[in-house]
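Take these sequences, add in the hints, and give me the full structure.
2 protein chains.
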Amino acid sequence: MSGGETELVQYFAAKGKLNPAKFPIGIGDDMAEVKLPSGGSVLITTDMLLDGVHFDTKKATLEQIGYKSMAASLSDCAAMATIPLAAVVSVALPRNFGAGRLKRLHKGILIAAKKYNCPLVGGDMTSWTKPLAISVSMLSVPGKTKPIKRSTAKIGDAICVTGTLGGSIFKKHLEFEPRLKESLAIAKAGANSMMDISDGLSSDLNHICRLSRKGAIVEADKIPVSRNAGGLNAALNDGEDFELLFTMPQKKFERLKKQWRFKVKLTAVGKITGGRAVKIKMPNGKIIDLKPGGYDHLATNE
Amino acid sequence: MSGGETELVQYFAAKGKLNPAKFPIGIGDDMAEVKLPSGGSVLITTDMLLDGVHFDTKKATLEQIGYKSMAASLSDCAAMATIPLAAVVSVALPRNFGAGRLKRLHKGILIAAKKYNCPLVGGDMTSWTKPLAISVSMLSVPGKTKPIKRSTAKIGDAICVTGTLGGSIFKKHLEFEPRLKESLAIAKAGANSMMDISDGLSSDLNHICRLSRKGAIVEADKIPVSRNAGGLNAALNDGEDFELLFTMPQKKFERLKKQWRFKVKLTAVGKITGGRAVKIKMPNGKIIDLKPGGYDHLATNE
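Order-wise, the sequence lines are chains A and B.
Reading the first sequence from the start, the letters are residues 236 to 537 in the numbering used here.
Reading the second sequence from the start, the letters are residues 236 to 537 in the numbering used here.
It is possible that part of the hints are untrue.
You can't tell identical chains apart in this list, so a pair holds if it fits in one copy or across any two.
Claimed, not checked - Calculated pairs, DSS-like style, for lysine-lysine (alpha carbon to alpha carbon, straight line, at most 25 Å): (1) 379 / 257; (2) 514 / 486; (3) 521 / 506; (4) 498 / 349; (5) 338 / 250; (6) 338 / 252; (7) 250 / 406; (8) 492 / 342; (9) 270 / 257; (10) 389 / 457; (11) 406 / 416; (12) 257 / 381; (13) 270 / 381; (14) 498 / 521; (15) 338 / 350; (16) 516 / 500; (17) 252 / 270; (18) 270 / 350; (19) 270 / 379; (20) 498 / 379; (21) 416 / 270; (22) 487 / 293; (23) 500 / 294; (24) 416 / 492; (25) 257 / 349; (26) 349 / 252; (27) 257 / 416.
Calculated from the structure, these hints are not laboratory results.
Below, the structure is given as C-alpha cells:
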C-alpha cells in the first residue's frame, strides 16, 4: 500500500515485538491470537466506526449503525475462519444523544449479537460535544482448522472471492452478512490465506501479497462486479465489501465449488505468482500494475 | 446512582441476558468473564477516552495520553484481581494528526504495556475531522483467586481503599499506577468485593452497595484525602482516583495490614451494613446520606 497506514502498522509491529509462543498471530492480520496460560487460545479484533466516515447518522438508522458496528468485527472473525465468542462495545455519545437513541443503537447491536451467536458482554459509555464514535472489540476461538492468516499465500494458489464487489456504499455496507459459516467451509477445504475485503480488492490483495512475499495476476474479466457498482474500478477500490478474499490450490478450489452449499457465489479471479508484482490483465488484454486504490486513513498525512 | 448511566446499564443487562455458565461475570462489573470451549476463562474490558473529557491534547503530552489509555484498562484488571494478558487499541485521529504524533501516542501505550506486561497485540486506525478518541480493550486471566466482583460485599465487611483520594485532575490521572500487584494481595487476603474508583468514592461505593444489596456507613474523618485535593468533597466525588475500593471481614483486613509490603497505604473508611442505605458520618457527628456525586456521562440527558 502506498499510504501511511501500512507503513505505520509495520512500524508498530516492529516496535512492539511479540513472543510468537504467546502470540502466534500479532499486529497486521485481521485478528491477533493470544495463547492462554490455561491452554487453548482466543483471537481478538477491534474496530472504530465514526459518524461521517463509516456511517452517517443522518442517513442510516441507529439500528443499522449498531448492526454494522458488530458485523464489521464479525467479518474479521470470518476472515480468520474463527468462531465468535463475545463482544464489548465502547461508545462516545454526542452530549444530547439521549437514552432513547442509545437503546436503538443497542438494539441493532443485539440483533447482530443474537444472529451470529456473539453476546455483548460489556461496554463503556462516555459523552462529549462531538459526533458518535463506536468501538467494538470481539473475541473468537479457532474452529476445526488453525486460524487462516494473510501471510501464507502459496505460489500457484487460485485467488478467490465470495459474493460480488463494489457499490457497497449504496446499502450493503449497513446490512451485509459476515461470511462466518462460509469461511469455516473455505478453511476446511484447504485455504492457504484469507482476509475480508474492507479496503477494496486492490488494496487487500496487495496486503496478502506483501505479507506472503508473493505476487499476483488478476483477470479483470473474472471479477464479480456488483450490479449497482460503477463498473470495474468500483469493484476494485470501493471497499467495505465485507466479502472474503482467499487463496487455495486450484484443485482444492474446484472441489470446494462442487460441494458449496451456500447462497453466496464463489469466484476465482486470478493466481498467486512468484516475485512480488501484483498485476491485473485488463479487459483489453493489457497487463498493468494493480495498485492499492482503496481507502487509506492516513494517506492525507503524507 | 441517580443518573441515567446506571439505569441504562441495568437495561442493557436485562435486554441481553447472558448464560452464566458461559459468562460468569457480565455487564455491570469492571470486566466480563468469558468461559472458553477449551477450558479456563478470560476477562475483557473496554474503555473509551476522549479529548476534552478524559485528557486534553493541549495540556497533556501524547505519551501521557497513551499511557493513561492503557492504565485505565489495567486498573480494571486490578479491580477484578486478575492478571493482564494483552490489549488492542482503536483510535479516531484528527485528519491532520500525522505519523509523528501517532508514534508518540503509541510510545505512551508501549510504556504501559511493557511496565505491566500487557502487550499491544492489535488495533485499528481511523481518521476524521473531529478530536482524538481512543478505545482500549484488554484481556486478563484470573490469578490464584476467582475474579473479585462488585456484587459480593458482606454485612460487617470493612470498607477499604488504597492510596489517597481526590485531586487526581491536577496530575495523577495521567500518571497513576494501576494497583495490579496490590489487588492480587488483597484478593488473597480474602476480599469479598472490589472495584477501582473511577467515578469517585461516593458513586463507586453506591455501585458496590446496590449490586450487593447492602448498605454502608462511612466515617468522613477516616477518608484519606489527597494533599492537593480540595478537601472531603473532592475526595468523595472527584473521580479518576484509580485506587482500589474493596470490602473484607474486619479481622482479615487487620491481618492484611500487618503483612502489607507495598508503598501505597491501606485505609478502612467504614463498614458494610444491612438494609440498603449508604450513609456517611460527617466530621460534626451528623449522619447523612452518601449520595453518588461522581461523574455521570448521561446525567445531562435526564
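Results of checking the hints against the structure:
no.: 1; hint: 379 / 257; verdict: both (20 Å within a copy, 20 Å between copies)
no.: 2; hint: 514 / 486; verdict: within (23 Å within a copy, 73 Å between copies)
no.: 3; hint: 521 / 506; verdict: within (17 Å within a copy, 80 Å between copies)
no.: 4; hint: 498 / 349; verdict: within (21 Å within a copy, 47 Å between copies)
no.: 5; hint: 338 / 250; verdict: between (40 Å within a copy, 10 Å between copies)
no.: 6; hint: 338 / 252; verdict: between (40 Å within a copy, 15 Å between copies)
no.: 7; hint: 250 / 406; verdict: neither (39 Å within a copy, 28 Å between copies)
no.: 8; hint: 492 / 342; verdict: neither (37 Å within a copy, 47 Å between copies)
no.: 9; hint: 270 / 257; verdict: both (5 Å within a copy, 19 Å between copies)
no.: 10; hint: 389 / 457; verdict: within (20 Å within a copy, 68 Å between copies)
no.: 11; hint: 406 / 416; verdict: within (22 Å within a copy, 50 Å between copies)
no.: 12; hint: 257 / 381; verdict: both (15 Å within a copy, 23 Å between copies)
no.: 13; hint: 270 / 381; verdict: both (13 Å within a copy, 20 Å between copies)
no.: 14; hint: 498 / 521; verdict: neither (33 Å within a copy, 71 Å between copies)
no.: 15; hint: 338 / 350; verdict: within (18 Å within a copy, 38 Å between copies)
no.: 16; hint: 516 / 500; verdict: within (22 Å within a copy, 70 Å between copies)
no.: 17; hint: 252 / 270; verdict: within (16 Å within a copy, 28 Å between copies)
no.: 18; hint: 270 / 350; verdict: between (28 Å within a copy, 20 Å between copies)
no.: 19; hint: 270 / 379; verdict: both (17 Å within a copy, 19 Å between copies)
no.: 20; hint: 498 / 379; verdict: within (22 Å within a copy, 49 Å between copies)
no.: 21; hint: 416 / 270; verdict: both (24 Å within a copy, 22 Å between copies)
no.: 22; hint: 487 / 293; verdict: neither (46 Å within a copy, 57 Å between copies)
no.: 23; hint: 500 / 294; verdict: neither (29 Å within a copy, 54 Å between copies)
no.: 24; hint: 416 / 492; verdict: within (15 Å within a copy, 54 Å between copies)
no.: 25; hint: 257 / 349; verdict: between (31 Å within a copy, 15 Å between copies)
no.: 26; hint: 349 / 252; verdict: between (36 Å within a copy, 11 Å between copies)
no.: 27; hint: 257 / 416; verdict: between (28 Å within a copy, 22 Å between copies)
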